[in-house]
Amino acid sequence: MKPFYACNSPEHHLSRRQFLAGMATGALGIMGGGFSSFIHSAVAGELKSSEKRVLLIWLHGGVSQLETWDPKPGTSTGGPFQAIPTTVPGVHISELLPHCAKQMHRLALIRSINTAENDHAKGAYLMHTGRKQMPNMEWPHLGAVMAKLLGSPDNPLPGYIHITPRGQGGFNKQDAAFLGPRYCSVSLADGKPPENLLRPEPLTESADRQRNDLRQRLNNRFLQGRRTAETEAYTQSYDQAAQIMERRAVFDISKEPPKLAERYGSHDFGRHCLLARRLLENGVTFVKVTHSNYDTHYENFEFHIEQLGEFDQTFATLLDDLDQRGLLQSTLVIVMSEFGRTPKINRNYGRDHWGTAWSIALAGCGIQGGAVVGKTNADGTAVTDRMVGAGHLFHTYFRALGLNPKKNHYVNQQPIPMADPAASAIEEILA
Amino acid sequence: MRADDKPETALIDPAQTHLVQELKHSSPLVGCRFDPSGRFVFAGAQDNTVQRWELDGGKRTELVGHKSWVRGLAFAPKNNLLFTGDYQGKVIAWPIDAETPAPERTLDAHRGWVRALAVSPDGQTLATCGNDHLVKLWSVPDGKPLRELAGHASHVYNLAFHPGGQFLVSIELKGVIRQWDLAEGKSVRELDAKVLYKYDETFRADIGGARSMAFSTDGSLLACGGITEVTNAFAGVGKPLVVLYDWQTGKPKQLLRPKENFQGTVWGVVFHPSGFLAGAGAGAGGALWFWRPEEPLAFFTLKLPNNARDLDLHADGRRLAVPFFDGAVRLYDMAKKPA
Amino acid sequence: MSYPLPRYRWWLAVGLLITLAAAAPAQTPLHQRIDELIAAGTPDFERLAAPLADDAEFLRRVYLDLTGTIPPAAEARAFLNDPSPDKRRQLIDRLLASPEHARHMAHVFDVMLMERRTGRHVPPAAWHEYLRAAFAENKPWDELVREILSADGEDAQRRPAAKFYLDRDGEPHLLTRDISRLFLGMNLTCSQCHDSPIVEDYKQDLYYGIFAFLNRSFLFTPKGKPAVLAEKADGEATFQSVFDPAKVTKTAAPRLPGGPLVKEPMFEKGQEYEVAPGKDVKPVPKFSRRAQLAAQLTAPENVQFRRNIANRLWALMMGRGLIHPLDQDHSANPPSHPELLNVLADEIGAMKFNLRAFLRELALSKTYQRASVPPPGVKEVAPETFAVARLKPLSPEQLALAMMQATGLTDVERKALGDKLSEAALYAKLSGNLGLFVNLFGNRPGQPADFEATMDQALFVANGKLLRSWLAPNAAGNLTGRLGQIQEADAVAEELYLSVLTRLPTEEERREVADYLKERTQDRAAALQELAWALLASAEFRFNH
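Residue numbers (this note's numbering), protein chains in the order written: chain A, 1 to 431; chain B, 432 to 770; chain C, 771 to 1315.
Chain A with its partners taken away, still in its complex shape (with noise of 0.2 Å):
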């Protein structure tokens, strides 16, 4: 999909602005670069308290709704673990999470969730899209359809991270599908910085200026009546790399407070949540933090309790911290999973692939904190209360961020609902 740029003129150039309001509703296409260019006196890190983020804490594998937000003690598939009060009177969650009882004002619980869908990539997909896989077509992740509606131009940093356990760190443009890379995530591999950031050894500072205006000046000559959108995005994305290089202190946690960091725990989860909040504060729209691995088909019960262990304390000390700062109330968070796992106890105590009846946690914007939605039977086998699947999800997260979930995407001027149309938000969790 390519802009409509005809126009070669400089006046052209000057209507910017509007071309980038049609952006914002998706009339228009993408545009590939930054818009960096219109920015250079803006202090792009002060947060404007308008703005709304999303916070996303992936538990991959599929944490078990038993052993977190849907426990049922005292039944043959309960398990060993019992369930907890929490500071919301008759909600109870399981042990592993006393961190989290503390913070269940602010948490909302999703208990009746049947996405139909045991297979990690299928389930990753359709948590991530509120759509199932088909092969004719790639749908966006949410992130990087909020990184579209929610992020500010002004911001070199990307819209969509995703801070990954390790692994090899990049842009994965597979995930902006349609609406293009501009808007796809970037894997922050172990947190680390995207490759690339920092200027290299030999090169000074002032070289680096130097270079860069030569080759400004190349461009002024060459662009004199050729001038297309294209060129711009070019142009523009080496403005964006320099933001973003000056920027480099906002992927390091080592400026952060020691006796913080602590609290949210030195391992690599707590430092990726550490550097999650920093990215938010500095107005990134979509970060997603992946915490590995609950795949527990053995000994379910030691890996819950090794794996929760961590996420517990760190998860409810980034709320308290994002409360604190006043980011809270306009970032959503959503700690989700591409699956449950199953009610049965297997042979090696440990549960399988189940996404009949499973639970997400929610908080933060638009959200009402201590709200439970819906109900599974006695032995969680099942869904006895308002049942919803990954579209009524994502008509959730829209809603919650004050965003119309019925609009459409355009791709080739035609609409794509950005939200399936044949679900809904969940209305009584919204605030």
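I should point out that these hints are in silico values taken from the structure, not numbers from a laboratory. Backbone N, C-alpha and C define an ideal beta-carbon position, used for all residues, glycine too. Errors might be hidden in some of the hints.
[To be verified] Label pairs and their computed distance ranges (CB to CB):
id: 1; chain 1: C; residue 1: Asn1203; chain 2: A; residue 2: Thr77; range: 48 to 58 Å
id: 2; chain 1: A; residue 1: His99; chain 2: C; residue 2: Asn1103; range: 50 to 60 Å
id: 3; chain 1: B; residue 1: Asp539; chain 2: A; residue 2: Ala378; range: 26 to 36 Å
id: 4; chain 1: A; residue 1: Ser206; chain 2: C; residue 2: Pro1146; range: 31 to 41 Å
id: 5; chain 1: A; residue 1: His267; chain 2: C; residue 2: Val1054; range: 44 to 54 Å
id: 6; chain 1: A; residue 1: Ala422; chain 2: C; residue 2: Asn1203; range: 25 to 35 Å
id: 7; chain 1: A; residue 1: Ala422; chain 2: B; residue 2: Ser457; range: 35 to 45 Å
id: 8; chain 1: A; residue 1: Asp320; chain 2: B; residue 2: Asn692; range: 42 to 52 Å
id: 9; chain 1: A; residue 1: Asn408; chain 2: C; residue 2: Gly1205; range: 35 to 45 Å
id: 10; chain 1: B; residue 1: Ser457; chain 2: C; residue 2: Pro992; range: 48 to 58 Å
id: 11; chain 1: A; residue 1: Asp252; chain 2: C; residue 2: Leu1206; range: 47 to 57 Å
id: 12; chain 1: A; residue 1: His99; chain 2: B; residue 2: Glu535; range: 48 to 58 Å
id: 13; chain 1: C; residue 1: Gly1188; chain 2: A; residue 2: His267; range: 31 to 41 Å
[Unchecked claim] The calculated lysine-lysine pairs, modelled on DSSO-like cross-linking and capped at a C-alpha distance of 30 Å, are:
id: 14; chain 1: B; residue 1: Lys605; chain 2: A; residue 2: Lys192
id: 15; chain 1: A; residue 1: Lys344; chain 2: B; residue 2: Lys767
id: 16; chain 1: A; residue 1: Lys122; chain 2: C; residue 2: Lys995
id: 17; chain 1: A; residue 1: Lys132; chain 2: C; residue 2: Lys1002
id: 18; chain 1: B; residue 1: Lys490; chain 2: B; residue 2: Lys767
id: 19; chain 1: A; residue 1: Lys407; chain 2: C; residue 2: Lys995
id: 20; chain 1: B; residue 1: Lys690; chain 2: A; residue 2: Lys102
id: 21; chain 1: A; residue 1: Lys259; chain 2: B; residue 2: Lys605
id: 22; chain 1: B; residue 1: Lys605; chain 2: A; residue 2: Lys122
id: 23; chain 1: B; residue 1: Lys670; chain 2: A; residue 2: Lys192
id: 24; chain 1: C; residue 1: Lys1056; chain 2: A; residue 2: Lys122
id: 25; chain 1: C; residue 1: Lys973; chain 2: A; residue 2: Lys406
id: 26; chain 1: A; residue 1: Lys132; chain 2: C; residue 2: Lys1020
id: 27; chain 1: B; residue 1: Lys629; chain 2: A; residue 2: Lys344
id: 28; chain 1: B; residue 1: Lys629; chain 2: A; residue 2: Lys406
Start from chain A and add chains B and C according to the hints.
Relative to the frame of chain A, chains B and C by itself:
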């Protein structure tokens, strides 16, 4: 066979091990022990009960009191007490032979799961271990705490008293065995059990500890059963292993493995007074293995009908008890079958 | 200008075309007719049209378009100094005959046909070599398409041609979509579920007509062997419209848009197979629907087939299709120059789909050779007038190969090969660097190539190790190595500009280089790298202009 039968080692031939009794419960079982008199077998179940079967006649009695699963069971016969520990960190003392045993005492033993407990050879001290990284000693007669043994850096998985009575050993998740001097209350030696531990980089979680731990009758050998060469922690893909330590040197003397290619975990290990070892394991199915301390591969394997979860040896030296995922305790006789 | 003939007008047009072709003997060459029809398409064309590009701009453009890279500095110098009035034609002919042209076309058609899919059934290298060999022998397009669409992967020799099918896993919807887009210029995707609400012409039955050729095909994996495409003797292409409240189910027979209905022989039950299906047995039906597809698609009567390839090659050279976007050929989106598209489509058919001859005509046209800046006094020129040359972003492969040539890596490798030098040997040395560029600058797998300039690309150029290593001076004579040997600033500027931008520097640029170097006598080597970098990172380098 009567409970007061003496071990007649001449009659034992592990290669002839065969099922002699099946005791069924409706919920999967996680651990079991014969009482020292040999009259009962007790088993912890996933329905939070402890089941007691009288071997003679198979009468089943339910011990109700835990609110979580019980895997650790230990007896203080002089005080007629069974101690059971659960995932909640609670330890309950029960009269072994009461008609319907009720909790006599409940200890808030640990923060987090008590995976194992043991009673000292003199019957006076109960040792417990928990996810709070602690080992604790308690007075058997009155349940008073005696000592807290701190030093482990991860969940403590198992423990055993040395038959000499002076030492206790405990093993933690990350493959460290500590030897505690009971009189001093100090850790006096560390044994390396890293072969039973792995940090799985893919799943970013620890797998390790010993699911079972036992001393030989003479105290010269220590056996720790678990899983090694893990390729996928979250599917339990690895090799069952019993590490046999020379108590004197503290070094592994032998790594005992199944003879067959078997993926899974050793959930229970016992020494027979005559010197061989038996292990119960599970993965995709269950097995009983028999080893001689001097040979690395099992000399006999009995395929089990289901996933085995623990193992104990009867005072008669003939019968083995195995609790299963399918809710049964099965008793296997190692004595030669009558011709 | 007349409105185009009705769409999908296969059969009726045939007789007429033959008549037309016969009635125009000794007519003006195609490249001149192109220019005439382009000029006729815009009222004040003469005022808007840019003059011809200068030799340097033409040289760089035609090199990139026909061989996928830029010329070495020495060749650029030679061309600029060549006084021959016919030198552009000579260059076009030389480049079209070069092995680099076949290589470039292999890249272009790989991206067009596979759209950066990562398949596991046919290795990319085998597919690339298949395409390269086809273009090296100038295989006619219809023949190439017939090979690709009749391959099932069974014959090891011809297996690479089956990549189109196999690495789409034989998925009939995906194949229907891509065959309609890539070979017919009609994006029927939306017609899978209903008559397209956007494009009136794109009815659901068109989609299922193509689908019916393919829906019996499936991927079959013989024991211990690679997967092949197999076919059943049954299975109908039935469809309902999601808009239809009555949910009427229709059945489509195999038929290309506007084409004839494929006649299907009837067999008695139990007699449908040459080889009946069974466990681990690949079935062979007596009548293969899929086997009809290649012939139907490439039949001379199929106007849509030649319109599509003519339009795609036009876009390749001119930076934009006469029909734009390339897969939106329908009556509501008429070509910018309908008559020209008709002429091009008919000519490429008349040329028997000789792609090289067709490209030659495009390259010879003034339309192709115009400057990329509008004439003085003209501010706005709509791209669909083709009055000014369009800027075309370099493909990832072009960018990588051009950067390697510009920095002199290519020259160093060329020299190192000595008498073992051949296009294939040189490509083998350089192609290892392409993957990184494709990952960074390429489109997403399964998506059409589309220009996107992103921050990670800029960071790669600015701070990445690879480019830094290419820019580090090298005794074997890479660019900065050569520049280091030149004392005089003016000569440095000339070598630098010729090597990277394929042109001589202006006076202003000569001064700029001299000034840059004057201040950096202490670290001249670093300064040379910075100068070279600035040129490489410039928009002038990033685009083919």
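- request: Return the numbers of the hints above that this structure violates; sort them in rising order.
  value: 5, 6, 11, 12, 13, 15, 19, 20, 22, 23, 24 and 28
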